[in-house]
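Number of protein chains: 2
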Amino acid sequence: MQTRIYHKADGRTLWLYGREPHTLPAQEEGEPAPEPHSHLRWHPVREEWVMYAAHRQGRTFLPPPDHCPLCPARPGGFPGEIPFADYEIAVFENRFPTLSRNPGPVPELPAVKAAPGTGRCEVVVYTSDHQGSMATLSTERRELLLQVWAQRFHDLYADPTIAAILPFENRGVEVGVTLHHPHGQIYAYPFVPPVLERESAAFSKRSWIEDLTPRLGDYLVAQAETALAFVPPFARYPYEVWIAPRVRKPLPTDLNPTELSDLATLLGEVTGRYDRLFGRPMPYIMVLHAAPRGDPTFHLHLEFYPVLRAPGKLKYLAGTEVGAGSFAADVLPEQAAEQLRQL
Amino acid sequence: MQTRIYHKADGRTLWLYGREPHTLPAQEEGEPAPEPHSHLRWHPVREEWVMYAAHRQGRTFLPPPDHCPLCPARPGGFPGEIPFADYEIAVFENRFPTLSRNPGPVPELPAVKAAPGTGRCEVVVYTSDHQGSMATLSTERRELLLQVWAQRFHDLYADPTIAAILPFENRGVEVGVTLHHPHGQIYAYPFVPPVLERESAAFSKRSWIEDLTPRLGDYLVAQAETALAFVPPFARYPYEVWIAPRVRKPLPTDLNPTELSDLATLLGEVTGRYDRLFGRPMPYIMVLHAAPRGDPTFHLHLEFYPVLRAPGKLKYLAGTEVGAGSFAADVLPEQAAEQLRQL
Numbered sequence: 006m007q008t009r010i011y012h013k014a015d016g017r018t019l020w021l022y023g024r025e026p027h028t029l030p031a032q033e034e035g036e037p038a039p040e041p042h043s044h045l046r047w048h049p050v051r052e053e054w055v056m057y058a059a060h061r062q063g064r065t066f067l068p069p070p071d072h073c074p075l076c077p078a079r080p081g082g083f084p085g086e087i088p089f090a091d092y093e094i095a096v097f098e099n100r101f102p103t104l105s106r107n108p109g110p111v112p113e114l115p116a117v118k119a120a121p122g123t124g125r126c127e128v129v130v131y132t133s134d135h136q137g138s139m140a141t142l143s144t145e146r147r148e149l150l151l152q153v154w155a156q157r158f159h160d161l162y163a164d165p166t167i168a169a170i171l172p173f174e175n176r177g178v179e180v181g182v183t184l185h186h187p188h189g190q191i192y193a194y195p196f197v198p199p200v201l202e203r204e205s206a207a208f209s210k211r212s213w214i215e216d217l218t219p220r221l222g223d224y225l226v227a228q229a230e231t232a233l234a235f236v237p238p239f240a241r242y243p244y245e246v247w248i249a250p251r252v253r254k255p256l257p258t259d260l261n262p263t264e265l266s267d268l269a270t271l272l273g274e275v276t277g278r279y280d281r282l283f284g285r286p287m288p289y290i291m292v293l294h295a296a297p298r299g300d301p302t303f304h305l306h307l308e309f310y311p312v313l314r315a316p317g318k319l320k321y322l323a324g325t326e327v328g329a330g331s332f333a334a335d336v337l338p339e340q341a342a343e344q345l346r347q348l
Numbered sequence: 006m007q008t009r010i011y012h013k014a015d016g017r018t019l020w021l022y023g024r025e026p027h028t029l030p031a032q033e034e035g036e037p038a039p040e041p042h043s044h045l046r047w048h049p050v051r052e053e054w055v056m057y058a059a060h061r062q063g064r065t066f067l068p069p070p071d072h073c074p075l076c077p078a079r080p081g082g083f084p085g086e087i088p089f090a091d092y093e094i095a096v097f098e099n100r101f102p103t104l105s106r107n108p109g110p111v112p113e114l115p116a117v118k119a120a121p122g123t124g125r126c127e128v129v130v131y132t133s134d135h136q137g138s139m140a141t142l143s144t145e146r147r148e149l150l151l152q153v154w155a156q157r158f159h160d161l162y163a164d165p166t167i168a169a170i171l172p173f174e175n176r177g178v179e180v181g182v183t184l185h186h187p188h189g190q191i192y193a194y195p196f197v198p199p200v201l202e203r204e205s206a207a208f209s210k211r212s213w214i215e216d217l218t219p220r221l222g223d224y225l226v227a228q229a230e231t232a233l234a235f236v237p238p239f240a241r242y243p244y245e246v247w248i249a250p251r252v253r254k255p256l257p258t259d260l261n262p263t264e265l266s267d268l269a270t271l272l273g274e275v276t277g278r279y280d281r282l283f284g285r286p287m288p289y290i291m292v293l294h295a296a297p298r299g300d301p302t303f304h305l306h307l308e309f310y311p312v313l314r315a316p317g318k319l320k321y322l323a324g325t326e327v328g329a330g331s332f333a334a335d336v337l338p339e340q341a342a343e344q345l346r347q348l
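Taken in sequence, the protein lines are chains Y and H. Be aware that the first sequence starts at 6, since it is given in the working numbering, and climbs by one per residue. Be aware that the second sequence starts at 6, since it is given in the working numbering, and climbs by one per residue.
There's no promise every hint is true.
[As the list claims (entries may be wrong)] Pairs of lysine-lysine residues, derived as PhoX-like cross-links and limited to a Cα-Cα distance of at most 20 Å, are as follows:
| id | chain 1 | residue 1 | chain 2 | residue 2 |
| --- | --- | --- | --- | --- |
| 1 | H | Lys254 | Y | Lys210 |
| 2 | H | Lys254 | Y | Lys118 |
| 3 | H | Lys254 | H | Lys210 |
| 4 | Y | Lys318 | Y | Lys254 |
[What the hints assert, rightly or not] Derived list of chain H stretches under chain Y, where covered just means 3 residues or more per stretch with a C-beta under 8 Å from a C-beta of chain Y:
| id | segment |
| --- | --- |
| 5 | 179-192 |
| 6 | 267-274 |
Hints listed in this document are in silico derivations from the structure and should not be mistaken for laboratory results. These numbers were taken from a predicted model, which means no experiment stands behind them. Backbone N, C-alpha and C define an ideal beta-carbon position, used for all residues, glycine too.
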């Protein structure tokens, strides 16, 4: 993988990753990003950090296609975030970060523990093509994306203040997506978020994924030599799918070339089946769960939470899910797996 | 409070609560409810129970107003769930329960711990009037509602299989509400859900609510002699509000008449301010957090999660919230409190 590091005029970094070296000349840049102001407050009853970034209220919201900030630069056109005429995969520091290298001062609060909103929020642009999706990328491009995630883990964990890293993708207006150009994000946290903390504790006892692998028959969606795509038998979302290497690997940097290639293939398999399930692009949240800093026993995996439970019917998170943390599902995992397998 | 217990023909119980004794004759009942089939599966990676109720896929979805199942019965009209010409507050066992007294068999699963979906799901109808909302109820009716919640805690904890109880209200199509008639729900779980477990552990160390009370100035929305409404300084949702008695009380059954009355007043204050905030009915999730069975140190409180962050803009739960459990907020709690105070 070739890497070009470009420093934007407003101080943010842009990385251009590709199979080929990136040598195009830089073009005019857009407006500089506003100063970030982020801080954390401790929730003493749930015992977790909450992140505050008030400057985000003004963030870009469904711009017209010729004002897409992720599209490549055109002479005389709208200057977006990536001042180059083309690229393969581009990563840049978010214009409206929830966490940042220079988060600004921590406010004085009367009765609550606060801390700086230190960390990183990056945008990962999968392609220079405004159209398409994870499913329509080439397998080679998805493989490059996995290498990019590995590189970001490598770079971000080099900063000792980063405790955990979450690559994710929100897809579809139903999950609040404000830009349709194919892209994901990465959050690098100065603390271990609750879900990763619990998963880390669970994997330290055993890898449930390795244990289940020989018995996954009814739950398989697709498989490759070194990786599996399956509906977990304890899925919380209708049509939830996980993709994991068969053998426990804590971090994307631990994956070998065959695993990278197999995971890239399954990423395409799963997202393609989602789009065929209800005959429309499936809105979903995708997250990559990998080891918090220094955790040697985590089993990395991708989790997809699709938000349609039937054609035209959304799965809402309501009282029991949001207020108690207990999910109610009305699609059985083995039935969801069979439907997805047959597509 | 007067109580009338009525046994529906399909075996479900209906409770009619009111200031006056309920003596109206029963009318024709609608279709019997289908057999529930609910079970639990253990999520070994998040270490929590997931509830499955596949029969719920066919549940009632935004019926036309003259087919509202919560409206009182009219001669020759649509037979709903409450076969009486009028009532004050009605509670009945949900037609499509996620948890039930007779949940049916537990499926054989290859690699996952499963258990019966034992518990209760009840619907709480606030008024016989199809129109209106928590804000437009009389204070007397809201006080009656608090007494009904207390009575339900008393009755449900009489069943030793119930470990925790969650009254909640989902309001607005934006949070997936399928019936507009003013109502809430109660889930009674055979386990302690993760959020209540964490809050219970936190309150066993100290009551953060009692500690903060003297320093809540900037965060107050409204107050009464024995109760407060405030934006928690660590709010996860924009315009999140909590209502709590000033003195620690674990359960609704522990509240004295002044506290019941003050909480009823504040329930109206908060929901009225929500509806004025953006000049439209505010969609929200409201939950009552009270002690799991046998927890003597819980400080009961109501939490409101409104889902609008600005006029016409929803707060979506996406990658970091759903995938990591860490919330990103873009409205500062002290600013939200000031806005709500001034309405």
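Unsatisfied constraints (hint numbers, rising): 1, 2, 4, 6
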